[in-house]
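J.: Residues per chain are reported as follows:
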Amino acid sequence: MTAIMLRAVGWPAICAVTAMAAAVGACGVIFLTSAGPQLLTIAFALLAAAAAFALDEPASSVVDVTPTGPGARTAVRSLALLVPLCAGLGLVLACALRAPALSWTAIGLALAGNVLLGFAIACVARRRVGEPGAWASSAAAFVLIAPPLVPSLAGRVHTFPTTAQDPQGLSSNAWWALVGCTCIVAIAVSVADRRLPWRPRSSFGRNRA
Amino acid sequence: MTTIIAAGRTGPAVGLVALTKYETRRFVRSPVFLVAFGLTAWALWDGMRVTVTEVNTVTVYPAIFLGGLGMVAAFWLTRSTQRSAEAVKVSPTTPQVRTAAICLVAIVPLICGWLSFLAITVFLRVPGDWTYGTLGTSGRAALLIGQTVIPALGGPLLGVALGRWVRFPGAAPVLFLVIFGWVILADVLAATHRHSMLVLMMRLFAPFTFFTASDQHAVETWRGSPWFFVGWQLCLCAVAVTVALLRDAEPGLRSRLTRVLIVVLAAAALMYALTVTGGLGHAVISHPGKAPQPI
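Heads up: the sequence lines are chains A and B, in that order.
Per the numbering used here, the very first residue in the first sequence carries number 1; after that it's consecutive.
Per the numbering used here, the very first residue in the second sequence carries number 210; after that it's consecutive.
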């Protein structure tokens, strides 16, 4: 059953976006001392975007009425997160080898947080639509790129660990611990609710538990 | 579409005007565009409250929000009719008219880009002329147009072209991140390899670039011509429109569009070459109250 369910995962989308993330991240590792943090932030945002495609189900109108619950489906499809996580771990390892001053555990936490955030947005969106990847990846990318760009957040939130921490800002570890906990709660709530995806003017809507 | 059919007017011009109005309404109501507009206004207001020594920290916002998020909004707008493609095929308008209507929607972010340009020109406070390096009035205008106005036009046009040709639903945000990464990488390399022709070519081979870099005490002016870069950007916009129109074009129209594309690509290559070879021969550094010096 697991293998059959995994066949339905949008592997081309996940692998393609992960490959782009690896390419951007590799540039970040090469130029680690200058553009590294910015490029790795973008690479991790791309990994989050890849994770957001894990729950895409083109045949959702059929799949959603099968006895398999959303919890089981989500659990099986979460195995697809191994692709972005493995690519990200490769980048973390490369960072640890090139710049020992950077905390690899902090970078690893940032990686896990990024991927979890993309997946959590997709989980929440999956309750409403069958293929949440497109807008979930956009939302994840925006949420991850915006903090360094938005003036009021720029010096206060650090989404990627650096050697020079702003003492007044929220550190990367604290930020990702907060985001990670929120994501876990969001995923748990979204899969615990066994309602079918909301469909306007559909007969399925009457069958909600 | 229903309005056009009900009125009995099916001419291409009438259809284009009606469709443009309709698509413009959809674009303006798009949450992504509304967020982009709001963030641009907020970021400009917030960034210009104090005296700015690094102008790039202000001029970059319209490009990121109006251009980047505008690309995502235009991409989704273009792809929104894909599920009803069979119904759209039997409508009285051609795919090219529909695509042209969506391309014309880019006038909205272009107007927002011009408003950003005006706001920066009027309200941006800088310590002195040295903040813009060696750029004169004309160079500053080109710098601001290339960093605020043209990206606001080009981003949505790129989104339309992408939506016409690429089926992958996450293409726009992914491309946005890749372009963002490319610009950052080229910018950082330009700051460390000021005399490298390869890095110069890499920096200018992008839809957005910086021509100055500064800290609290000095401003570096980099190589490259800001005005020719605006020409290069406009050529990229023309390429995006032509490529978007090429999709599903009739054989006759396709050959005409292909010829147009070749001409536009040749113009783009010329503009790129002039951008690289024009401007300063080498990077210079400007200190307050002192003459610029070569680095």
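Please note that the accuracy of each hint is not assured.
[Claimed, not checked] Pairwise CB distance ranges, derived in the manner of DEER restraints: (1) A:Pro12 x B:Thr260: 48 to 56 Å; (2) B:Phe332 x A:Ser152: 57 to 65 Å; (3) A:Gly90 x B:Pro336: 23 to 31 Å; (4) A:Ala8 x B:Leu327: 34 to 42 Å; (5) A:Val63 x B:Ala296: 24 to 32 Å; (6) A:Thr182 x B:His491: 32 to 40 Å; (7) B:Leu243 x A:Pro12: 47 to 55 Å; (8) A:Leu79 x B:Gly345: 47 to 55 Å.
[As the list claims (entries may be wrong)] Selected chain A positions facing chain B (Cβ under 10 Å, derived; list incomplete): (9) Ala21; (10) Ala35; (11) Cys86; (12) Ser103; (13) Trp104; (14) Gly155; (15) Val157; (16) Cys181; (17) Ile184.
Everything labelled a hint here was simulated from the structure, so no lab data went into it.
Each residue gets a CB set at the ideal place from its N, CA and C atoms; glycine is no exception.
J.: Would you mind marking each hint as holding or not holding in the structure?
T.: Here is what the structure says about each hint:
1. For Pro12 of chain A and Thr260 of chain B, the hinted distance range of 48 to 56 Å is satisfied, since their beta carbons lie about 50 Å from each other.
2. Under the hint 57 to 65 Å, the C-beta atoms of Phe332 of chain B and Ser152 of chain A, about 18 Å apart, miss the expected range.
3. Distance hint check: the CB atoms of Gly90 of chain A and Pro336 of chain B are about 45 Å apart, inconsistent with the given range 23 to 31 Å.
4. Between Ala8 of chain A and Leu327 of chain B the beta carbon distance is about 51 Å. The supplied range of 34 to 42 Å is therefore violated.
5. Under the hint 24 to 32 Å, the C-beta atoms of Val63 of chain A and Ala296 of chain B, about 26 Å apart, fit the expected range.
6. A beta carbon spacing of about 51 Å between Thr182 of chain A and His491 of chain B contradicts the range 32 to 40 Å that was offered as a hint.
7. The supplied range of 47 to 55 Å is broken by Leu243 of chain B and Pro12 of chain A, whose beta-carbon atoms lie about 32 Å from each other.
8. Under the hint 47 to 55 Å, the C-beta atoms of Leu79 of chain A and Gly345 of chain B, about 60 Å apart, miss the expected range.
9. Evaluation of the Ala21 of chain A hint against chain B yields a held restraint, the C-beta minimum of about 9 Å falling below 10 Å.
10. Taken as an interface hint, Ala35 of chain A checks out: its beta carbon lies about 4 Å from the nearest beta carbon of chain B, inside 10 Å.
11. At its closest, the beta carbon of Cys86 of chain A sits 19 Å from a beta carbon of chain B; the interface hint therefore is violated under the 10 Å criterion.
12. At a threshold of 10 Å, the smallest CB-CB gap from Ser103 of chain A to chain B is about 22 Å, leaving the interface hint violated.
13. Interface hint status for Trp104 of chain A: violated, as the beta-carbon distance to the closest one in chain B is roughly 22 Å, over 10 Å.
14. With a least beta-carbon distance of about 12 Å to chain B, the hint placing Gly155 of chain A at the interface is violated under the 10 Å criterion.
15. A cut of 10 Å between beta carbons decides the hint on Val157 of chain A: the least distance to chain B is about 15 Å, and the hint is violated.
16. About 25 Å separates the beta-carbon of Cys181 of chain A from the nearest beta-carbon of chain B, more than 10 Å, and the hint is not met.
17. For Ile184 of chain A, the suggested interface contact is broken, since its CB lies about 24 Å from the closest CB of chain B, more than 10 Å.
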